[in-house]
Amino acid sequence: MPNVLEIENLNKDYGDFKLKDVSFALPQGYIMGLIGPNGAGKTTIIKLILNLLRRDGGDIKVFGVDNVNDEVTIKSRIGFVHDTPFFYESLTLNSLRATVAPFYKDWDDGLFYRLLREFDLPARKLFRKLSRGMKMKFALAVALSHHADFIILDEPTSGLDPVFRRELLARLSALIQDEKKSVLFSTHITSDLERIADYITFIHNGRIVFSAAKDEVLEKWAVVKAGNNFLNDDNRKFFKGIRKREFGFEALTSDATEARRRFAGKAVIEKASLEDIMYYMTRGGNHA
Amino acid sequence: MRNLILKDLILNKKFLSYVGLFYILYVGVFGSRIDNPKVDIIFITFLSFILPVMIYTREDKFKATVVSCSLPATRRQIILARYILGWLLMLIIYVLDMMAILVAPGHKLGAADLFNARTIFLALALMTLYFSILMPFLIRFGMVGFFVFLISLQVLGVITLTLASKKMLNLDIKAWVAAINNAFMSLNARLGTPGYYAFLLAMMLLLSLGSFVCSVFIFKRKDL
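Going down the list, the sequences are from chains A and B.
If you're matching positions, the first sequence starts at 815 in the working numbering and goes up one per residue.
If you're matching positions, the second sequence starts at 28 in the working numbering and goes up one per residue.
Just chain B, with the same shape it has in the complex:
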């Protein structure tokens, strides 16, 4: 396991040092202009997820998966190493980005706005969602498939919104968002704050485990 993580770190050390540094500074300055913590968290968690993805797409780019899978390691171990390193990188980048926001001149939010139980749970929940849903997709379809999927989602979003705004589609997006929000609020009211967080945490772990099992299943069946 350690060797697999070390391998990926060595392979990407230059990329992580240069792109990672630029990425943190850029996101930090950009995020410091935002005055809503929720918007900052949604924006930064997604960007924190993209960097690990870029690392794994580099293996696709160099077609080096055959070599990785010829080394003494099982495919399950390879996926586990990717999940561990992916989560580590996401968390490190997220924390560094948030710190960059706080030190950026003219920042609009304080440490208490960005680092409290509610925002930390929101960030973890979003990272879990992005990572758990998109990683199996990345493993199955590779770099090109992944970006086609993301672009398709965006195009689908634009089409849906356009149709909804022209009343050609009976879709009340505000009602959908409100329904999701109400569901979480009612859950919080019933369980109490500690119970609600424990429930969220359990869901995140379950989703991550499901995603991992799915990714291993896909990768084991992949002909290289």
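Next comes chain A alone, as it looks inside the complex:
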């Protein structure tokens, strides 16, 4: 299966924040979740893919071609939702459609209006009169209405009610069933990704911590709960993050097999959720 997205050694320097040697790939026909705490660099990566930011180094290939040199071809096959859906506030949804639709040769008016109905969005309503959640739904309707091969969503579920969030996730899952469409989905609501993602890329402080298949991540990473007497120097080095309590500690490891061998019968070893991984990697320093 070819890669729909390939990023290699991507660098971006803002002065006070740096994206450093970011590399990962998304195979065609899959959903990748881009996770990380606020300010980790998720939006920067998405903006670099869409050529909204200038990269300082590295390569970005979408559909196998450079994202800057073949910008128009690539963007005509991408559906995007930005973290803040900025459209022209003074226009109705109908008028906004008229400004966007002509850019896409595969624009499907039938699908667009069907999505508006499904999302309960009145076509004649002014964009500025929509709530944040409704604005996000409209951005989604636009992103899905031109049969894009690659959907890029930056925090699409923030501001959405749980019912619609579930519906959106189901829609994204259904979208990739033809194995041709792919989705890159940035979020810090990790439970959304546990439902639908095939791959997870975790970014922290501008660096990739890991990028792997979700099942592999959930298989390899574990949370160990044991008494403080087990927290010697060797074990400290073994853990990626530790949370110390009065009567014991909880720690994250990326080697569940070794943890089972090391702490057999002496500790509780549980599968780590994506939220656990994010928490320990960002808050639970090795020497907590």
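Be aware that one or more of the hints could be misleading.
Straight line, CA to CA, 30 Å or less: simulated DSSO-like cross-link-like pairs of lysine-lysine [as the list claims (entries may be wrong)]:
1. A:Lys875 with B:Lys247
2. B:Lys249 with A:Lys875
3. B:Lys88 with A:Lys939
4. A:Lys943 with B:Lys40
Some chain B residues near chain A, calculated using beta-carbon distances under 7 Å [said to hold, decoys possible]:
5. Ile37
6. Lys90
7. Ala91
8. Val94
9. Leu98
10. Pro99
11. Phe164
12. Thr189
FYI, nobody ran anything at the bench for these hints, they're computed from the structure.
Glycine included, each C-beta is placed from N, C-alpha and C at the ideal position.
Put chain B on the given structure of chain A with help from the hints.
Using the frame of chain A, we list chain B on its own:
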């Protein structure tokens, strides 16, 4: 290209219909009180330039540049569309304003005063100057930066004139204006009228091209 121009027209259709109409009537009535064609042209070309600027500052206002640049279009195409639409609007507004002056009751100038080769070239030259110099500035610094720049120019002008009038600054503005005027007159005398117009036209095209290249350069480097 067509889609980008169409997008901007749809986005601004209400603004253009209401503000544009008021603008033309207001400028027409105001301009009809003036009895010097040069003053009318200087005044109206600047006001014709302001309307396209107001359209592009609206994109800033709604922070919609990110969406525009996420659509399948290059930044060069986006700037080219802005230049084409900007020039179209300037020319349309200028012509409509001039016509409004001519139909306004009590107008002091006739069609022959406002529409002859000399006034048309003067108008085109002024529009080229305003548009070519200020558009890269607008693209780089946005709405707020643009207006800060214009206000700063005015403040600088007032300070310069005040200092010059109090003899604190050795600046003879009349001599400067006369020097520029003489330069154009001597150019006209050497080249002959058709050659002079061709030279002016070439300069306008060169300035517009330079401005466009500069704007594309700036916009391509802009992080959104």
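Here is what the structure says about each hint:
{"no.": "1", "hint": "A:Lys875 with B:Lys247", "verdict": "holds, 19 Å"}
{"no.": "2", "hint": "B:Lys249 with A:Lys875", "verdict": "holds, 21 Å"}
{"no.": "3", "hint": "B:Lys88 with A:Lys939", "verdict": "holds, 20 Å"}
{"no.": "4", "hint": "A:Lys943 with B:Lys40", "verdict": "holds, 19 Å"}
{"no.": "5", "hint": "Ile37", "verdict": "holds, 5 Å"}
{"no.": "6", "hint": "Lys90", "verdict": "holds, 5 Å"}
{"no.": "7", "hint": "Ala91", "verdict": "holds, 5 Å"}
{"no.": "8", "hint": "Val94", "verdict": "holds, 6 Å"}
{"no.": "9", "hint": "Leu98", "verdict": "holds, 5 Å"}
{"no.": "10", "hint": "Pro99", "verdict": "holds, 4 Å"}
{"no.": "11", "hint": "Phe164", "verdict": "violated, 20 Å"}
{"no.": "12", "hint": "Thr189", "verdict": "violated, 41 Å"}
Violated hints, in rising order: 11 and 12; the structure is consistent with all others.
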